[in-house]
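Based on the hints, put chain B in the right spot on chain A.
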Amino acid sequence: GAGVSQTPSNKVTEKGKYVELRCDPISGHTALYWYRQSLGQGPEFLIYFQGTGAADDSGLPNDRFFAVRPEGSVSTLKIQRTERGDSAVYLCASSFGRGGDQYFGAGTRLSVL
Amino acid sequence: GQQLNQSPQSMFIQEGEDVSMNCTSSSIFNTWLWYKQDPGEGPVLLIALYKAGELTSNGRLTAQFGITRKDSFLNISASIPSDVGIYFCAGQRGNDMRFGAGTRLTVKP
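From first to last, the protein sequence lines stand for chains A and B.
Residue 16 in our numbering sits at position 11 of the first sequence; the count goes up by one each step and never skips.
Residue 24 in our numbering sits at position 23 of the second sequence; the count goes up by one each step and never skips.
Next comes chain A alone, as it looks inside the complex (with noise of 0.2 Å):
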């Protein structure tokens, strides 16, 4: 497509269920990243794919978080156990290459009540 995908905009759910976030790059980006946004912040970067692999993982804040990218183009962010302080704006960016440009998805909005 033109430009970076996610689906789907808006999620809610419930304390503890699990959630799966997806994010469909740019064509020809090799590069795909995943981003949190809570409220009157900027994004803060979790986790980093070139290709098929994790190259960095390093933001993601524990271990209910969760990407795959298994063909190395649509990506799915998964969160198991939801906590209430998950609730943010999940970007997802696509870029050229390690290092370049990243253009934006505009988000999915996630709710844990």
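Hints may be right or wrong, so weigh each one.
[Claimed, not checked] No farther apart than 20 Å at their CA atoms in a straight line, the calculated lysine to aspartate or glutamate pairs in the EDC-like style are these: (1) K16(A) - D29(A); (2) K52(B) - D106(A); (3) K71(B) - E49(A); (4) K16(A) - D91(A); (5) K16(A) - E88(A); (6) K83(A) - D29(A); (7) K71(B) - D106(A); (8) K83(A) - E49(A); (9) K16(A) - E42(B).
To be clear, the hints were calculated from the coordinates, so they are not data collected in a lab.
Just chain B now, with coordinates in the frame of chain A:
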């Protein structure tokens, strides 16, 4: 957490005025970027700077990469109502990108 100090936090200006915002860091970055975010949208890249001292323009926007590689500023000239939004600076080093907390701009017609 975020390592960039962005100021001001918010600005209220009259249409037609010029705007300036800046970002400082305790770390050196190889690239400085400025993004604009509208409500319900992701950040949109406005300007990217790749070299210390570089001054780059994009229409009414001008940004500079500080000579120390630890700071950058963004100027918007002759503001218009559609400039309203939140502006974020970002410093990048390889795949590592850090954002400021944003400057919320309000333009009064």
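Okay, which hints does this one fail, numbers in order? none
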